[in-house]
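Undergrad: Going line by line, the protein sequences match chains A and B.
Residue numbers are given in our numbering: position 47 of the first sequence equals residue 47, and the series is strictly consecutive.
Residue numbers are given in our numbering: position 55 of the second sequence equals residue 55, and the series is strictly consecutive.
Note that these hints are calculated values from the structure, not bench results.
Please note that a few of the clues may not be correct.
Covered by chain A, according to a simulated footprint, are these stretches of chain B (three or more residues, beta-carbon under 8 Å) [claimed, not checked]:
#1 8-15
#2 62-69
Calculated lysine-lysine pairs in the DSS-like style (CA-CA distance at most 27 Å, straight line) [what the hints assert, rightly or not]:
#3 A:K138 <-> A:K177
#4 B:K77 <-> B:K60
#5 B:K51 <-> A:K345
#6 A:K177 <-> B:K80
#7 B:K9 <-> A:K73
#8 A:K73 <-> B:K60
#9 B:K60 <-> B:K80
#10 B:K80 <-> A:K345
#11 B:K60 <-> B:K9
Note that beta-carbon positions come from the ideal geometry of N, C-alpha and C, so glycine has one too.
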Amino acid sequence: MSFLSAEFGIFLALGLLIFYLSPSQWRPRVLLGWSYAFYASWSPAGTVLLLFITLSVYLTARWIQGRSAESAKFAVTTAGVASLLVVLIVFKFNAWLSSPFQALLGDIAPGIRVIAPLGLSYYLFKAMGYLLDVYWEKVAVQRSFVSLALYISFFPQIVSGPIQRAGDFFDRFDGLKRPDSAEFVVGLRRILFGFAKKVVIADRLAVLVANTHSNPSRFSSVELLLGAYCYSFQLYADFSGVTDIAIGLGLLFGVRGPENFNLPYFARNVQEFWRRWHMSLTSWLSDYLFLPLRMSLRRLGTFGLALAILVNMLAVGLWHGPTWAYAAFGAINGIFMIVSVLTLKRRNAVFQTHPWLASVRRWTGPLVTFHLMVFAQIFFSVSLGSAFTYVGRIVPFPAVLHAGVPMLRLSWPLLGISVWTFAALCAGLVTMEAIHWGSQHACWRARFMSAPRYVRWGLYYASILIILLSVRTTVSFIYAQF
Amino acid sequence: MTEAEIFPKLTAVFRDVFDNPQLDCSDSTTAQDVENWDSITHVTLVVAVEKAFGVSFTVKDIRGLANVGDFRRLIAKRVK
């Protein structure tokens, strides 16, 4: 049951009705039941695994709390986290490990293949984070199984995140009061914005991207470059769209999820980009992987720093799946970040000695960072071999160009969209970023909220109309596959 | 070393790590208030503090830090 389906609309309406009519002490159970029903609609077998993992994490956390010796706490935490990692590796990496594992499974149950259950990476990261936070005493052990189970399975977040931290969720969820009408409207507005990004922008860009990325040899350098830019914006609109929907859905039930994006394509350097892109994953990896690794490698100086960054960025890439392209995506970002981090002080010194360069840097920093990310995301979008082919055809080496394809050609019919649709998409992207920017500034939020009601609701209805008129073939959310 | 003595030395370490001679820290200063204070520079800061004060921290210590005040108190605990 996708967020984009009519069935989900009915499911949500029913869930809200039952949730709001239930007595407050029953609401967590209702929400938990609804979350499990949602998950079961995707994967009944996966629901059993979800329940089993939740129960294991619940007992392990209580066990960690029950130990008095530090070494015992450490051993139990390590065993708990390692077990969850094994589950992740078995399901997500079974293509790499498949020969022996699949052969064994084939002997036991012929015809059955191991397929990663939906949202596994998201809920396992929540579970691991919870255990580590209990060990580090950042969060109190949950005595209520319902609360913990709801945290891990909360249906708005289980398909595509964001990965909310346990402490943050329990703080907001505790006492689960009914959200007021203003919060409910904020949630609806966020869902509407998410749908607009997905249906109006991402799915339209997907048409062009599907053409350029499926057969690069048909396209010129300029067309492939345009395809690469469009993929970066499609990914952004698609992923931030599903995040908006998830945050909005959470707000309808009184739970505010963490933000995942903060104008990432305006980042001034690579490390800043990763503080603004998929923030819930990168901050998770920073806290639970990079920090312990960097601390244990700190005696190695610069080499230790570079190694910790590379391992962390490889983990970012491989979190998406066990493919060489994701590994390359992580490694490329790791190299970009190492170079950026190690040269930052020197670059700052250069710019400080030439103040006139500071204004140039304000523009070049985001521009260079954006292009580095567009390059890296080519490896995210296709297989490793295709990515090299794609990059090779963008770079104007006459030897690798296909005969008969002019390097500077720009054929809209071949790209699959009209120039007017493309212009409308550009306008849509500018509007999207203006809304992102405005929503971060209290004065612009206040201006919008103080506008007459008919203006605001007129905009909402106009957005709904544009979404309905834009619906063609809906493409699944890119991040629902992870 | 008293907590009052720790503060000027800690500020000097912050200024050096964040490459900002004008940086002013108080107990309530957090990563949000200092440009470029992210997970990467955080450990660089921790290593610089360990070196400056001759102390050693664990991951658990570092995860518990919410602001400069927490850092100062942690150093005071270790120096004693």
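Undergrad: Enumerate the violated hints, using their earlier numbering and listing them in ascending order.
TA: 1, 6, 7, 10
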